[in-house]
Amino acid sequence: MFVCWCGLNIGGVVDVPRVVEEISGCPGVARAVDYRYMCSDPGQQLIRDIIREERLDSVVIAACSPGMHESTFQSVAESAGVNPYRCEIANIREQCSWPHQNEPLEATRKAVELIRAAVEKVRGDEALSALSIPVTRRALVIGAGIAGMQAALDIADAGHEVVLVDRLPHIGGHMAQLSETFPTLDCSQCILTPKTSEVGRHPGIRLLTSSEVESVSGYVGNFTVKIRRRATYVNWDLCTGCGLCTEKCPSRTPSAFERGLAEEPAISIAFPQAVPHKPVIRPEACRHFTKGKCGVCEKVCPVGAIDFGQQDSLIEEKVGAIVVATGYDLHPKAKVGEYGYGVYPDVIDGLEFERLNSASGPTQGQIRRPSDGKVPKEVVFIQCVGSRDQENGYPYCSKICCMYTAKHARLYKHKVPDGQPYVFYMDIRAGGKGYEEFVQHATEEEGVLYLRGRVARVFQDGEHVVVFGVDTLSGKKVEIRADMVVLATAIVPASGAKELARVLKTATDEYGFFSEAHPKLRPVESLTRGIYIAGCAQAPKDIPDTVTQAGSSAAKVLTLFSAPRLSHSPTVAAVDEEICTGCGICVEACAYEARALDTRRHVAVVNDVLCEGCGACAVACPNGATRQRNMARSQAMAMIDAVMG
Amino acid sequence: MKDLLIASGQDGREKALSRFLAKLLDVGAVDALVVPVEAAPGVITHVLAKDPRLVEEAARPLAPVMPSSAATLVSEVVRKRPSGRVAALLRPCEARALVELVKLKQAAPENVVAIGMDCAGTYDPVAYRQAAGNVDGLEFREACRVCQNPAPLEDGLPGITLGLIGLDDSEGIVMSVHERLDPAVAAVMEELGLASGEGAGRKRREAVQALVQERQEACDAFLKGARRGAATAEGPDPAAPGVSGVPGVPGIGAFARELAACTGCHNCRVACPVCYCRECVFDTDTFEHETGQFLRWAGRKGALKMPSETMLYHLTRMNHMSLSCVGCGQCEQACPAHLPIFRLFAMASRRTQELFGYVPGRSLDDELPFTTFREQELEPR
Chain A
7 MFVCWCGLNI
17 GGVVDVPRVV
27 EEISGCPGVA
37 RAVDYRYMCS
47 DPGQQLIRDI
57 IREERLDSVV
67 IAACSPGMHE
77 STFQSVAESA
87 GVNPYRCEIA
97 NIREQCSWPH
107 QNEPLEATRK
117 AVELIRAAVE
127 KVRGDEALSA
137 LSIPVTRRAL
147 VIGAGIAGMQ
157 AALDIADAGH
167 EVVLVDRLPH
177 IGGHMAQLSE
187 TFPTLDCSQC
197 ILTPKTSEVG
207 RHPGIRLLTS
217 SEVESVSGYV
227 GNFTVKIRRR
237 ATYVNWDLCT
247 GCGLCTEKCP
257 SRTPSAFERG
267 LAEEPAISIA
277 FPQAVPHKPV
287 IRPEACRHFT
297 KGKCGVCEKV
307 CPVGAIDFGQ
317 QDSLIEEKVG
327 AIVVATGYDL
337 HPKAKVGEYG
347 YGVYPDVIDG
357 LEFERLNSAS
367 GPTQGQIRRP
377 SDGKVPKEVV
387 FIQCVGSRDQ
397 ENGYPYCSKI
407 CCMYTAKHAR
417 LYKHKVPDGQ
427 PYVFYMDIRA
437 GGKGYEEFVQ
447 HATEEEGVLY
457 LRGRVARVFQ
467 DGEHVVVFGV
477 DTLSGKKVEI
487 RADMVVLATA
497 IVPASGAKEL
507 ARVLKTATDE
517 YGFFSEAHPK
527 LRPVESLTRG
537 IYIAGCAQAP
547 KDIPDTVTQA
557 GSSAAKVLTL
567 FSAPRLSHSP
577 TVAAVDEEIC
587 TGCGICVEAC
597 AYEARALDTR
607 RHVAVVNDVL
617 CEGCGACAVA
627 CPNGATRQRN
637 MARSQAMAMI
647 DAVMG
Chain B
124 MKDLLIASGQ
134 DGREKALSRF
144 LAKLLDVGAV
154 DALVVPVEAA
164 PGVITHVLAK
174 DPRLVEEAAR
184 PLAPVMPSSA
194 ATLVSEVVRK
204 RPSGRVAALL
214 RPCEARALVE
224 LVKLKQAAPE
234 NVVAIGMDCA
244 GTYDPVAYRQ
254 AAGNVDGLEF
264 REACRVCQNP
274 APLEDGLPGI
284 TLGLIGLDDS
294 EGIVMSVHER
304 LDPAVAAVME
314 ELGLASGEGA
324 GRKRREAVQA
334 LVQERQEACD
344 AFLKGARRGA
354 ATAEGPDPAA
364 PGVSGVPGVP
374 GIGAFARELA
384 ACTGCHNCRV
394 ACPVCYCREC
404 VFDTDTFEHE
414 TGQFLRWAGR
424 KGALKMPSET
434 MLYHLTRMNH
444 MSLSCVGCGQ
454 CEQACPAHLP
464 IFRLFAMASR
474 RTQELFGYVP
484 GRSLDDELPF
494 TTFREQELEP
504 R
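Protein chains in written order, with the numbering used here: chain A, 7 to 651; chain B, 124 to 504.
Accuracy of the hints is not assured; some may be wrong.
[Claimed, not checked] Take a look, some chain B residues computed to stay more than 12 Å from chain A by CB distance:
| id | residue |
| --- | --- |
| 1 | Asp134 |
| 2 | Asp154 |
| 3 | Asp174 |
| 4 | Gly207 |
| 5 | Cys342 |
| 6 | Lys428 |
| 7 | Ala457 |
| 8 | Thr475 |
[What the hints assert, rightly or not] Think about it this way: if two alpha-carbon atoms lie no more than 30 Å apart in a straight line, the pair counts; the simulated DSS-like pairs of lysine-lysine are:
| id | chain 1 | residue 1 | chain 2 | residue 2 |
| --- | --- | --- | --- | --- |
| 9 | A | Lys380 | A | Lys339 |
| 10 | B | Lys326 | B | Lys138 |
| 11 | A | Lys339 | A | Lys421 |
| 12 | A | Lys116 | B | Lys424 |
| 13 | A | Lys439 | A | Lys526 |
| 14 | B | Lys203 | B | Lys146 |
| 15 | A | Lys511 | B | Lys228 |
| 16 | B | Lys428 | A | Lys116 |
| 17 | B | Lys173 | B | Lys146 |
Hints listed in this document are in silico derivations from the structure and should not be mistaken for laboratory results. Cβ coordinates follow ideal geometry from the N, Cα and C atoms, glycine included.
Produce the complete structure using the sequences and hints provided.
Structure, rendered in structure tokens:
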């Protein structure tokens, strides 16, 4: 029995010598010792020495959370000849000294109880050995924006096959919609297309566009994924991407890629650099599907690639790891409800501004406002629309808006030198290499007028969009008769993120961003083993951070693929078939599909490698026929008893 | 569902019913039949009958006692690899318990033909035996007096329904065949040459409706009285930690007092038709403690109630069973200490079943709340 002081973290609250004294007399405890830092090399050596001296068969370490050092101490125990699954951690830091900092006496008493419980548990622990499971060395990447592409390229370059799925007909994600990027103002398409075309031609990447993950079963190293590839109504094997069909198509509806600022034919390729450069038919816009006549594209196609009868196809893939890179959406128009967004045509969001500024966009890169095509001479940019807004939006900061607003204002100024941009802001958050300088340049060199304060109202007055706000630095009310307003709307998780999390059996936070295993130390691992996160699927991020995280998730995948087999914890559920009644409640309780009924023998069984050891089935089993290895009912009862004193 | 009539002969409707049941065996509609017989005057027990003559002579299908729940017996017969079609005469509570057992995979429904019958109530089997079957002056059991399901539910296991309520002995029994019953069996039933029972059917339905209404009121009054009784009659135990803030729940102290006389025989568990474990956790080594453990417990509290685990046992059974409790009262009937177990379960299960909107035994399509998860299921409504 080893008690760690953790410097003052534990020792500053809990009376460690007293704890050692009380535990020394407990039944089954050969020896109790304390040390200032048990996780240090001398601390670990102390444990090894005493295990050998006392010929121990099990150990309890009272220290920090098992999430921190359980594996450290398990391997220390193993190196001295104790089965690692007979090493128990009593968490007397997170569950004792930290929350009870002002009650040292009670904290000391609680520490003793927690340790007694761990001693009772370890007395019932079996000596187990780790399970071994095979690894399929192929990866699935969901989402082919910059995050997904980077992860896919890194994994594929290392020699492992990647299945890259995107629900849009083309790859590139939101980055394909951007005009220039901060802080260097280089053209987004110019830095993106080398990546998209590399992904498109990479022999190790199977690209599935217009596709969505429908179901995932299995477990780390051995996932089976069903992917629905929606019908595109164009046979891409035949199509040469000549574009004749898109020219002749008589239908025109608003383009999602252009954020509704331009129209597109029902059969279209979203943008000139799109990869794959093949058209798809949107049946909701197509006259053949809506009215039952037309078929112009079919007539003009020189290779006969149009296939109105094409059906969705279901593709099954076996992979060992999954990277979730589903990206973001902007806070939707319908939900903003302020500033006349969605009501006045000249109130637009950031991505719409990107399209206006893009050389391949609806205005060929000239800044012309949507209502009448005039060049706006006064433009108001409003930051934090929906972000940092507890009441009407989200409490979090969307992180990239300060930077892209500065970029927008500067780009506007470059194209309309006699125009005046105003920026309403709460704070300027420009942490990042070259970021602060970029914003400074906007304010000091380029004449962008920054007003600290919130906008109270936006309304249409004739040709103008009038903005009422307050400049809190001067304390004055401000009225700007603007020609256009650009809102930096909040970044929200991509639609369907929560549903995808359910399919993947992993977790999201309250907003729908995928949860990481540890906010600092395991930022790219999800809460489910074998599933990793990259980019805005986790939280709002800019391009450099996204690319960094994508590379990091690829590294995690490659680590997983580096060994032919994985070890799996043996503390899984087990069934006492003698007393199992075969009621199947455990089967329903299991979230991992690890439980099943053997109908012939009328008993429940466990698939060890699927079992995550959560214990839900053991709790649901009415008579204890299902038990959790090393957490038997008798152990739990003994632990409760120990805590009760 | 067409109403047919099993007409009473000169020897009364129970004999007519026995002949009808015997015929089902005789014509091969079913392979065996679980039915009560009278073993000695006033002694009713179930048999699994194959011989039609035996059924015709000895069956007591209408004997107003339930020595054990037929649901348990049927489950025993058809739990594992069933073969052959087994019919069972089932009171409404027995039929509902059997539905729960099917959901818990303790009976294979495809081999069961449920012969559901109306039941206005049953007597305590001991009193019935002592009176040698003469029910004058006897009162139905408490569970029956407040039973809100005197007639079989329509979505239960497929089979036939026998209607008795509102009809006197000479008026016979209304029989109807469920639409979901295996057509082969249904065809045989309809070939038995029964006359239409439309008039009797209407009369019975009205009588059932009236009785259900009466029983609902009786049950509400009973539960209200039970709660008030538990809360006030004995007074709150000052030493017991109360369950605060929940109206009508008087706390663990009152519960402990109600169960103080428990001898730990576990008969309630044996008699419960839904308690289904092959070996109860309370019979496993989880509850075999060392001497030192007992002494520690006694030391902690000053004294340890013996037999120990009384509270844990009853709370565990309540936790496992209250959602599926059909209110048959077999637990209380089996208790040698005459503890109010039915009353305690009725109080708890009313609440838990309402919480999940679950009616045990109503239909095979209702999912067990234990096996389903809905995000909002425990939020206050």
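Kindly indicate which numbered hints from before are broken by the structure, ordering the numbers from low to high. Of the numbered hints, all hold.
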